[in-house]
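First to last, the protein sequences are chains B and W.
Residues in the first sequence are numbered from -10 upward in steps of one, following this note's numbering.
Residues in the second sequence are numbered from -10 upward in steps of one, following this note's numbering.
These aren't lab readings, by the way, just hints derived from the structure by calculation.
A hint or two may mislead.
Cross-link-like lysine to any residue pairs, in silico, SDA-like; alpha carbons within 20 Å at most [said to hold, decoys possible]:
1. B/Lys168 to W/Val0
2. W/Lys186 to B/Lys23
3. B/Lys23 to W/Val0
Far from chain B, by Cβ distances over 10 Å, these chain W residues were calculated [stated by the list, open to error]:
4. Thr113
5. Lys128
6. Lys206
7. Ser217
8. Ile316
9. Asp332
10. Glu376
Which residues of chain B face chain W? A few of them, derived with a C-beta cut under 8 Å, are [as the list claims (entries may be wrong)]:
11. Tyr18
12. Thr66
13. Phe95
14. Gln98
15. Pro106
16. Glu171
17. Ser184
18. Tyr201
19. Tyr277
20. Arg278
21. Tyr279
22. Tyr325
23. Ile359
24. Ile375
25. Gly424
26. Ser429
Note that the structure is predicted; figures quoted are calculated from it, not measured.
We put the CB at the ideal spot given by N, CA and C, even for glycine.
There are 2 protein chains.
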Amino acid sequence: MKENNNYHMDVEAFRKYGKQVIDWLADYYDNIEKYPVLSQVVPGEIRNSLPDHPPAEGESFDDILKDVSDIILNGITHWQSPNFYAYFPANTSGPSILGELLSAGFGVQGMLWSTSPACTELETHVMDWLAEALQLPEKFYSNSTGGGVIEDSASSAALCALLAARERVTNTRSADFHKKMEKCTVYISSQTHSSLKKACIIAGISDDNIRYISVDKNYSMNSEELSSKIGQDRHDGFIPMFVCATVGTTSSLAVDPVLEIGDICCAEKIWLHIDAAMAGTAAVCPEYRYLLDGIELADSFSFNPHKWMFTNFDCNCFYAADKNELIKALTVNPEYLKNKYSDASEVIDYRDWQVSLGRRFRSLKLWFVIRYYGLKGIRHHIRKHIEITQQLTALIKKNTDFQVLSPVSLNLICFRHRKSNDFNKKLLDELNKSGKIFMSHTVLDGKYYIRLCVGQTNTEMSHVANAWNLIEETAESLES
Amino acid sequence: MKENNNYHMDVEAFRKYGKQVIDWLADYYDNIEKYPVLSQVVPGEIRNSLPDHPPAEGESFDDILKDVSDIILNGITHWQSPNFYAYFPANTSGPSILGELLSAGFGVQGMLWSTSPACTELETHVMDWLAEALQLPEKFYSNSTGGGVIEDSASSAALCALLAARERVTNTRSADFHKKMEKCTVYISSQTHSSLKKACIIAGISDDNIRYISVDKNYSMNSEELSSKIGQDRHDGFIPMFVCATVGTTSSLAVDPVLEIGDICCAEKIWLHIDAAMAGTAAVCPEYRYLLDGIELADSFSFNPHKWMFTNFDCNCFYAADKNELIKALTVNPEYLKNKYSDASEVIDYRDWQVSLGRRFRSLKLWFVIRYYGLKGIRHHIRKHIEITQQLTALIKKNTDFQVLSPVSLNLICFRHRKSNDFNKKLLDELNKSGKIFMSHTVLDGKYYIRLCVGQTNTEMSHVANAWNLIEETAESLES
């Protein structure tokens, strides 16, 4: 093993190794379809290939990069393979990767405006650009009552929304906080993402105060039940505090009736958060903007460019209609962070919009993506993914051994073989073990469904057609 | 403006632009001392240079990179300049930047072991390596009761620790949760980082239940007062739940008496969290390992390689002595994430160790840093920073116009001119406006101190000597 004892990577070494890593990644993308999509290692396999102890002496960069190829690569599940259809995508793109690289190079902290003004101002600017692209109501723009911020994930966005809602009806820092809190209730559906339940746990909403509203046959929240539960809770002395409506549920991309839910929340002055983690991106296309109908009634909204907008994780876009409600819930202001711009309230300090103090320059990658693709380019890819999904749906429907869950929304298909749940489970397992594609599953009304979500940046119809051939062949071989 | 209408960055374009960005960053580091350390822009200046609307058509990568140079750079406060001495550092290095680049390129999710086994296993492995480097007690190793995880920040680590502590004494998901919670008390000192107070707000600990323990003349927590407050609280029917001891406070790098605090917490079965955000790194050097004396009595511990270990933000290393306590506080397990390895409890699923569901492949950059430098290289840089700080202390002490806060701990100097607080404030402002150095401030016992922290990877004695000359000259010119 070649040692590196200079304790330093100087600029010329960085230039050299940096270009090696760029080449490594370019080659990786060139060859990505040759690797099994789902890593085939067993637990412990990667660790067993690594030395037990940290090196005392520095090692050469070549050796490190070689181990990425020889060891790490085996343990990668290739989320950026065009044959990845599991969960929701976490797609990325060249412009995003290079934006993240620049951000790592700058290595700035964006906790305050003053700790790197460009970090804050570019973020505000890009969030306003996206507000325009999504045709969001005026209140979500930074020059209005509200504004946008980049969070690490939809989980964090939901937590921040919940904390602001909690602050609206209780005063967290007051002595009678718990007296009020034990009366506060939260409304989600059986299809709401698990991060909402986690946010409740973190914020101290006990299970007894979470109301799970039932869903209709399309797995959308039953707004009449929501209304009646809220009424019952008021009658029983509870304080209805927070509703989460989902635009594109995780299991089946169901869309809750936001307009109806919004009317209820406005009348009751309950915080309405809209979680549009993946599907929200589709609203960049005018023909899918209807997905956000009712958003003018919401207090907060988030979607993830790191899912379906070619921007690598982490990049969640979170909008609040009243920034002061958010800040009131999350601010602390120690002496060592005081500065004249913050004191004069002339600037945005995003530390008060999130859980942590520190923050990266995440808007850079988003800016790179929006500029490199332009809105037309982004729409082009979104429309392509939806078109592919519809073509695949038609293929599946031709095979009477399979059932497709209707309606097929945007870029997600839930389907199953007509045989038992166990058969479908086995089918999915076989397919994933093949390494040729990777899909995941869900259970709806007791039925096991295979979920196929089309969202990786480079997925084309040819990939999906191959996937379908493989699915049909594998099902046949399991049947025989 | 050159348009880019192909809606795609193919592999060859990525190769080309990627190398341009590497060259751009190499040039940036070559020239970094030419830029004003603290950005000199005024609020709105960056935004005013950007187009009001997102581009409809894609733009060329050259145009985007040109705007980084022409617009963004003006709004950067150069955290990676060797003349940056403000706050705590957020230092980085070539190996870390390239590790982050690879992580962005892979674009994997590490929420479950199965979603990319290498992401989880490398993280566990590197956390064990660091446990060894820091000589942590056995219980923090992954093959013991506990284990380590990478969080985004010490804020998040503290929140997770607090939630686990809350779960230990209450059952968050039970109906009588609030009855217990209104009795739970948290103990921090007046010098504890503000993120602890924020964690309390988020977790629903009201202000009335936070006990601020006073500090001694060195700004370390008064453990006798801690003991007596806990006793009084028990007597009054409260449930003492959580203590945070700090190794290296933000204002002055004071170290709380962890051994004494640990004895109290063990006797009382109170969760002890150690926040060693910056100073923890020093314990990699055997001669500074004493800083962590008493850690064997702690339930959790965190430090930030993204502060002082050449690894770019975000990279907080968080250890829990009992992983099950952490998981119990943070787990939710929806159908769509179930898989055979998780179900068999054969693997670690780090989503249950943090607030969010999604997570990046952050161990890659840390692995790159540890391997490229080796422990010897890391120690070399830490020792160099501490040595420089001691040399600077000697310089300042020679000038009788200035006072240095004693003792000077590790790499942070708090000093002030003997004149008024206003004079010091003006002095700091003048120095930062010069663009030649950037420092921050704190207030201790009513006195305004300038804080100078030596921690950027490339800071040498020559930089610090120049800084001191500038400080002396500026003070003289302000006096005259």
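query = Per the CB criterion, is B/Ile359 less than 8 Å away from chain W?
reply = 5 Å, holds
ask   = Hey, does the B/Tyr201 contact hint survive, CB to chain W under 8 Å?
value = Violated. Min distance 13 Å.
key: Given as non-interface: W/Ile316, which should sit over 10 Å from chain B by C-beta   = 12 Å, holds
request  = Grab the minimum C-beta distance from B/Thr66 to chain W and call the hint holds if it beats 8 Å, violated otherwise.
outcome  = Check passed: Cβ of B/Thr66 comes within 4 Å of chain W, closer than 8 Å.
request  = For the hint on B/Phe95, just tell me whether its beta-carbon gets within less than 8 Å of chain W.
outcome  = 6 Å, holds
inquiry  = According to the definition I'm using, a residue is off the interface if its beta carbon is farther than 10 Å from all beta carbons of the partner; does W/Thr113 meet that for chain B?
reply    = For W/Thr113, whose nearest Cβ neighbour in chain B is about 7 Å away, the distance does not exceed 10 Å, so it is violated.
request  = Please confirm whether W/Lys128 is truly not at the interface, meaning its C-beta sits more than 10 Å away from all C-beta atoms of chain B.
outcome  = 19 Å, holds
request  = Run the C-beta distances from W/Lys206 to all of chain B and say if the shortest one exceeds 10 Å.
outcome  = 19 Å, holds
query = Holds or violated: B/Glu171 as interface residue toward chain W, Cβ cutoff 8 Å?
reply = 4 Å, holds
inquiry  = Take the shortest C-beta to C-beta distance between B/Arg278 and chain W; is it under 8 Å?
reply    = 15 Å, violated
Agreement of hint B/Ser429 with chain W interface, Cβ distance less than 8 Å = This interface hint holds because 6 Å falls under the 8 Å limit.
ask   = Measuring from the C-beta of B/Tyr279 to each C-beta in chain W, is the shortest one below 8 Å?
value = 21 Å, violated
Hint violations for this structure: numbers 1, 2, 4, 18, 19, 20, 21, 24 and 25, all remaining hints satisfied.
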